[in-house]
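Protein sequences appear in the order of chains A and B. First residue of the first sequence? That's 1203 in the numbering used here, and the numbers climb one at a time after it. First residue of the second sequence? That's 10 in the numbering used here, and the numbers climb one at a time after it.
A few of these clues could be false.
Pulled from the structure, derived: some chain A residues nowhere near chain B, Cβ distances all over 10 Å [to be verified]:
#1 R1287
#2 L1496
#3 S1847
#4 D1865
Quick look at which bits of chain B chain A covers, simulated, 3 or more residues with Cβ under 8 Å [said to hold, decoys possible]:
#5 29 to 38
#6 47 to 61
Covered stretches of chain A (in silico footprint by chain B; criterion: 3 or more residues with CB under 8 Å from a CB of chain B, positions within the stretch not fixed) [said to hold, decoys possible]:
#7 1358 to 1369
#8 1429 to 1439
#9 1445 to 1456
FYI, nobody ran anything at the bench for these hints, they're computed from the structure. The beta carbon of each residue, even a glycine, is placed where N, CA and C say it ideally should be.
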Amino acid sequence: MSDNQTVQVRYDNKIVVYFMMATLIWAGAAFLFGLLAAIQLAWWPANMNLEWFTFGRLRPLHTNAAIFAFAGNAVFAGVYHSTQRLLKTRMLSDKLSWIHFWGWQSIIVAAAVTLPLGFSQSKEYAELEWPIDIAIAVVWIIFGINFFGALYRRREKHIYVAIWFYIATILTVALLHVVNSLEVPVSFLQSYPVFAGVQDALVQWWYGHNAVAFFLTTPFLGLMYYYIPKAVNKPIYSYRLSIIHFWSLVFIYIWAGPHHLLYTALPDWAQTLGMVFSLMLWAPSWGGMINGLLTLRGSWHLLRTDPIVKFLVTAVTFYGMATFEGPLLSIKSVSLLAHYSDWVIGHVHAGALGWNGFLSFGMMYYLIPKMWGREMHSKSMMNYHFWLGLSGILIYYISMLASGITQGLMWKAVDGTGYLVYPDFVETVVKVVPLYWVRAFGGLLYIAGYVVAVVNIVKTICGAEKLVNDEVVTVAVKAEKPAADHEEGAHRKLEGMVGTFSVLTFIAVLIGSVIEIWPTLSIHKYVPQSQAIHPYTALEQAGRDIYVSEGCYTCHSQMIRKHPSDVLRFGDASTISESMYDHPFQWGSKRTGPDLARIGKKYPNLWHFRHMDDPRSMVEKSIMPRYSWLLEKKVDYYSLRKKLSVLRMLGVPYTDNQVAEADRWAEAQADQIVADLKNEGVEIKRDRQIIALIAYLQSLGQKNLTNSEALSNIELAPGANSSTDKEGGEE
Amino acid sequence: MKQTALKYFTDLDLSMLALMIFFVAFLFLIFRVYFYEPKEVFDRLSEIPLKDEEQRHDQ
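Pulled out of the complex, with its shape left as it was, chain A reads as follows (with noise of 0.2 Å):
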């Protein structure tokens, strides 16, 4: 029953290869494009007044490369190289497979020439337009069809726990892509979410988590338990507990998204079950960082002299580092403390430099000596990369620790007559200043350590004589037999199951989601008419595009939590109401600068004006990027008319008219601002960009139905005032 056959199996290492040097070029446009925002946010003239190249727009340029482009890669890479051999076949097809990778790189360099141009939604990992969206799309389907058609004509019955977890990252991700993607079009370069508010805040936190979760976790715990037990020539320590640690994560992690969202206008109760699921993470989390560490039992000595081993175990550790830190930071105390502050920023970067950095330098450096038949070129080498790397890890998490609770810290400072300590925001800048400078170099040196890395391996590759595209392995190939239950257990037979397993897969994944989303899709019928809010007007609706364009989000929240601290510092909590036209939401997760959500009216226009030109000339001490080019570029106030139209379809209360002269709409206004400025001395024309942004700032805060001055705004439109109100109060 029993009968071995052997059969030759020839494994494609080009893609891998192909794969992995995308990796590494990628890494370092990601590792520069962070080390320039770090410079930018310490030193503003780093942003040399460039609008393509403001913080605002290089962040978003930097987080996507570092997510998509160098883990990304990195993922496939592992995946092409690891699925072959697991499953003792080739991948489906190499046609399939060249149309992913070229189709893959396509995409990064759309982002990387969209992004700088400012084409973005805004909104967190997820800034990239439509029809790039729509690729990633199609893109995701060929990888998933290339691997799951492998799987189908696969030579080993069972399928090891590495693949569990690429099955849960492909359905997952595409999941997450998909429904965070559903946009309305509104020209080839602009779409509008059919979220709004709070919905688009719980939908894009699910999202934004998840592909932390399901993008650099558990593909990455995948590698890991592929690659540690082949570096160390050992098994996983516990394929038990890999198997409590596979399903208790995908049905854990899906949950925890709103814990991004603690204290907000986000209902109590989402609040509340985020923190506790997020909580739950640790156990899960830290069963599969003991797995991977205690694979090495017997083995530690490794450690000192093999570096592959050093840079898989410190990944490893640098994972449990972050996933005891992440649900720490949901706790709803300690993320009053911490969020919107840089100790995020420095939790995030432990996990993507130690977690999937490291783990990626590791893989490559087990990949590279098999793929071109020698060792690598200098193990000191290697020992400098990890050195440098870890010193540059650790500098930058410090760092930003320090600044975050120095942030939090003086955020909330209350004197004894109650007011605030630091009733200046700029005070709170300043003081971190320094520690961005320490960030930098930390940078600085995990770059120095990508450079070592770049030179051993090209060195490497020059000395080698041949690459080995393809190579041939001769595999046995159990003959299939029926085993007994009690032979072989449920698990096992489900783990020869792939769709059943998927299925499964699927299934644990969507309950969180939709008992999370689905309740609060129609917390809108629930807002009282007395919190109903007009929506934008024409220019400021133009305005609010450019205000996303910018990518202030990067620095500036609109969400004031439901704190003493928050409260007096910005000003009432903020509501469900106010951002129930917000397509997309712009809430924000990061306080470079103050809060804007209650900003309207709190300066004349000639501040704003002033300001926006260069910001020292309002607050001295400012590190917010000039944005002079607004006072040149113009609106195209005639695309207003479209605009208001999809807006109204994803059900803001505009009426026809409102719609048909959206752009006399906007340039009535426009006309007021324009007379207002040059009342105060500043010549400018109607239709530049400064006008929609200066009315966008001002309706912050303001669009509440008893505000006259809303109201009046709302009344340059043509036959809009009872209408409007009509529809508002409906809404």
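Following the hints, complete the assembly by docking chain B onto the known chain A.
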């Protein structure tokens, strides 16, 4: 304490259902994996990554 915690959940039935699904599934998984399924099989399966390149003929 319990009431204070639960008042934040607007739909108690939904919350309880989710909790029960998770808890029962988790207990079932632990029971199956640690008390029912044979260790020898898992030991054999954990060797899979170490046996995938037994006979290699580079081309």
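Status of each hint after checking the structure:
Against the 10 Å criterion, R1287(A) falls within the reach of chain B, whose nearest CB is about 4 Å from its own CB. For L1496(A), the non-interface assignment is confirmed: its Cβ lies about 12 Å from the closest Cβ of chain B, beyond the 10 Å cut-off. Look at S1847(A): its CB is around 35 Å from the nearest CB on chain B, clear of 10 Å, so calling it non-interface holds up. For D1865(A), the condition that its CB be more than 10 Å from all CB atoms of chain B holds, with the nearest at approximately 43 Å.
Given as covered by chain A, the segment 29 to 38 of chain B passes the check, having 5 residues with a CB less than 8 Å from a CB of that chain where 3 are the minimum. With a threshold of 8 Å between beta carbons, the proposed coverage of the segment 47 to 61 of chain B by chain A holds, since 12 of its residues qualify and at least three are required. Coverage of the segment 1358 to 1369 of chain A by chain B holds [criterion: at least 3 residues with CB-CB distance below 8 Å; count 4]. Only residues whose C-beta sits within less than 8 Å of a C-beta in chain B count toward coverage, and the segment 1429 to 1439 of chain A has 6 of them, enough to reach three; the restraint holds.
Counting residues of the segment 1445 to 1456 of chain A whose beta carbon lies closer than 8 Å to any beta carbon of chain B gives 6, which reaches the threshold of three, so the coverage claim holds.
In summary, the structure is inconsistent with hint 1 from the numbered list given earlier, while agreeing with all the others.
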